[in-house]
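Asker: Now for the letters of each chain:
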Amino acid sequence: MATIPLSQPPLDGGVLDIVTICKADRWVDEILPRFASLIDTNCSATVRRHLLLLTDAASGPDEGRIIESLLRANWHTVVCKPFEDPYPGRRLLAFDALRSGLLEVFGLHEALYIDPDTDVIGDLQGIQRFAPEADLLWVANPLLLEPVLEDLRRHGFESAGGPESPVLMEPGFFYIRRDLRSEFDAACAKYPDVHSFAAGSTYWNMVMRSLDAKAVRLPDDYNRTFWDLSAAVTSARSVHYTGQWKHIQPFLRYDRADRRIVIDPAPVAMPATTAERQPSALAVVALFRDNADYVPHAFSRFAAWERAGVPIRYYFLENDSRDATAGLLKDFMQTRPGRLESRRLKVRYERRPDGENHDRIMPLARMRNFIMDLAMSDPPQAADEWTLLLDSDIFFPEDVLSRIFAAWARDPRPESIGMLTCYTQQLFQPDRIPRIASPAPGMPDFVICDHYFDTFAFQDIGHRHHHPFCGFARCRRCREDGSQRYPLPLVPADRPIVDVAAAFGGFALVRTETLRDPRIRWTTYGSGFDQDRVLAEHVVFCDRLRTITGRRVVVLQDVDCVYRL
Amino acid sequence: MASAIAAIHVNPTIPWHVRFAAAAAVGLRSIGVPFAVTQSRERLGHALPILLGTTFWRGIESSGPFLLVDRCSFGSPGDWVTLVLDGHGRRGDHRTPAVRDGSRWETYKVEVRPWRHPQGARTILCGQTEPYSPHYSHVEPWYDRVGPFCTHFRRHPASTRLFSKPCGASGLPETTSWDDVRLAVTLNSSVAVDTVLAGIPTVTMDEAAMAWSVTSHVPTEAVTPDRTEWLHWLAWTQWTYDEIREGTPWRRFL
Chain F
3 MATIPLSQPP LDGGVLDIVT ICKADRWVDE ILPRFASLID TNCSATVRRH
53 LLLLTDAASG PDEGRIIESL LRANWHTVVC KPFEDPYPGR RLLAFDALRS
103 GLLEVFGLHE ALYIDPDTDV IGDLQGIQRF APEADLLWVA NPLLLEPVLE
153 DLRRHGFESA GGPESPVLME PGFFYIRRDL RSEFDAACAK YPDVHSFAAG
203 STYWNMVMRS LDAKAVRLPD DYNRTFWDLS AAVTSARSVH YTGQWKHIQP
253 FLRYDRADRR IVIDPAPVAM PATTAERQPS ALAVVALFRD NADYVPHAFS
303 RFAAWERAGV PIRYYFLEND SRDATAGLLK DFMQTRPGRL ESRRLKVRYE
353 RRPDGENHDR IMPLARMRNF IMDLAMSDPP QAADEWTLLL DSDIFFPEDV
403 LSRIFAAWAR DPRPESIGML TCYTQQLFQP DRIPRIASPA PGMPDFVICD
453 HYFDTFAFQD IGHRHHHPFC GFARCRRCRE DGSQRYPLPL VPADRPIVDV
503 AAAFGGFALV RTETLRDPRI RWTTYGSGFD QDRVLAEHVV FCDRLRTITG
553 RRVVVLQDVD CVYRL
Chain G
4 MASAIAAIHV NPTIPWHVRF AAAAAVGLRS IGVPFAVTQS RERLGHALPI
54 LLGTTFWRGI ESSGPFLLVD RCSFGSPGDW VTLVLDGHGR RGDHRTPAVR
104 DGSRWETYKV EVRPWRHPQG ARTILCGQTE PYSPHYSHVE PWYDRVGPFC
154 THFRRHPAST RLFSKPCGAS GLPETTSWDD VRLAVTLNSS VAVDTVLAGI
204 PTVTMDEAAM AWSVTSHVPT EAVTPDRTEW LHWLAWTQWT YDEIREGTPW
254 RRFL
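Protein sequence lines correspond, in order, to chains F and G.
Take the first sequence: its letter number 545 is residue 547 in our numbering, and every next letter is one higher.
Take the second sequence: its letter number 5 is residue 8 in our numbering, and every next letter is one higher.
Any given hint could be a false lead.
DSBU-like mimics (lysine-lysine), calculated; alpha carbons at most 35 angstroms apart, straight line [to be verified]:
(1) 332(F) / 168(G)
(2) 216(F) / 192(F)
(3) 168(G) / 348(F)
No wet-lab data here; the hints were simulated from the structure.
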């Protein structure tokens, strides 16, 4: 068994559009599923895959089945058009020409083109922020193709015998910010007498050189052409196979833990694509007050999920805001399904720092029930729709849903889980926890220490309330505060899915069918005259959910990318 | 290069979207139309957006021409879809032929029952999940207007509760029966086609209602006009999946 080390861990980032071209032939079943799966597995945040599917006279009746399988594999856009070869007899040149005009085809402003027989084995996110002034970002082809070099020298694009070794662009992987079709066609027309061996490569290199400073070379690890085991693919984020290695591609498996490629004796089964790791539909239920600074963050995430194809309906209750919250919510809801309610409460509920008193918790519970009842009065968009219960000032990455449902799928009995909550971490100012702080990914002004924030709503599986401590062994803050002598058992750090009696964390997913039972709602209870310490409304909610449905409430310890200010 | 002429906007998590896209792909291919299938909530270049259902594509609807693929008016939704340009229901353009004989309608042999005499005791208010009407932003104000004229309420099949908030129809008893009915009242729901085909005098109160031309528009008034011409028109507003797959309707719309 041969092994090859893998690439660096992922960057964070925004939407990345990846485009490719494929004929409507056996590659649709044999190559594209692997291409899609590896992109979804290894690229962070939102990636949209786009396909130009070229048909010919023979592929007609199969078109319906192909479209169906591509949609199920979550291709964002598939453009189908008949294949017309304007360069007959010139091997693959028509495909190179198509690549130069792909942005118009998909209506995109910029995109990353990758040949479909490329394995994406590292994170390509962030490439879209590289050299933003450039029209073309390219990678070098480690193979110096002599016929191409000869053509470039003959037509003055490359000097012969210069001090530096020539570098060729690899036209199977590049990022474009404008279509280069006119430049490509001009090169084809002006220099018709090039070698037919790799004419497309020759013309792309002419275009790249003619763009001068507008064409910028990417670091070599973004894509490597792989023709031999000793080749420099050890740090590659994507690998393009050539020669005999094209045939062995289905047998290659990527071992992320050991950062190596393994050659298996049988074809490798690919992991699920994002389509299989997303909920079919989502309802978002949230309360807002004076959150004008926060809501743009949530909106950007919702929009990303919509772009990724998740149908979402929204139910927002805004009350008594003195800032622009109500207007922002109204603008957002203009073209979206759901309901926005803006209300003025007769009695403003208390906002005391400890937040455990009846006069705060009971109004909150009533408001949660009001907007939930509205949400449940509308039909779900899919039978297996989930409802997101979101609190304000909760920060989360675009790919949080994929992470949650991937974690959920790893549970031995996922169908028995009724409520998924995250390991929501408290954000701190750096000077508050100087000795135990670590950076908070994506939140540069804050630090974290694995402290679970929602200690008020949390009760472990033994119904023990740890508040104000968080009850998790991994928390460095609670341990620093004296947990060496802590009298209660702590949740071990190595348990990815933690069954609990109650939890919320400001970001929780519940099956919509569960919430259509009007008994599963929020309330609170005190214990006598002392109304300053009542039960968190989520404790009652979780208790009802567990006892009425028989399903579990869990905290996903590995999904710790959700933060609370 | 030539871009797509039509773009089918799909939510791949919804089974009928996938089924329709597959059928449409075969049909568009058969007539040589380059097309795209996309999850995008935005227009794809200059391609005519083919929007599946009314839920997800409001941003596209509000920004230019579109072809809506909607629930059929008669027959099984598993067999038929309605195709309409630039609007919902009758408010859009179905591209029906100028001369419509009865041949298409008669092909499908849908039962049309004689008008019931408007002598029943019950006026049934037929609920909707959304108004889809420029006259009403929510259904509750319309319920407020017609509730006093009605004796019973029939909830929309997709609704799980009678009313999401108190309104002028809140006190009406719920019914699922059409017995002893004098009038069915709806804003623009497709239930009006069902009631008209069943011979129940019907009131529609928004011009988008597919049964607008054979119904009254006053919540107390029953009309029983000749339905023949309307039925012939209705037959050209919807298409079978086989026709979609064969490419039959596309030339009318592209």
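Asker: Checking one constraint from the list: CA of residue 168(G) to CA of residue 348(F), max 35 angstroms. Satisfied?
Answerer: Holds, because 19 angstroms separates the two Cα atoms, which is no more than 35 angstroms.
Asker: Below or equal to 35 angstroms on CA atoms is what counts here, so check residue 332(F) against residue 168(G).
Answerer: Holds. Residue 332(F) to residue 168(G) sits at ~20 angstroms (cutoff 35 angstroms).
Asker: Under the criterion that the straight-line Cα-Cα distance not exceed 35 angstroms, is the pair residue 216(F), residue 192(F) satisfied?
Answerer: 21 angstroms, holds
Hint violations for this structure: none, all hints satisfied.
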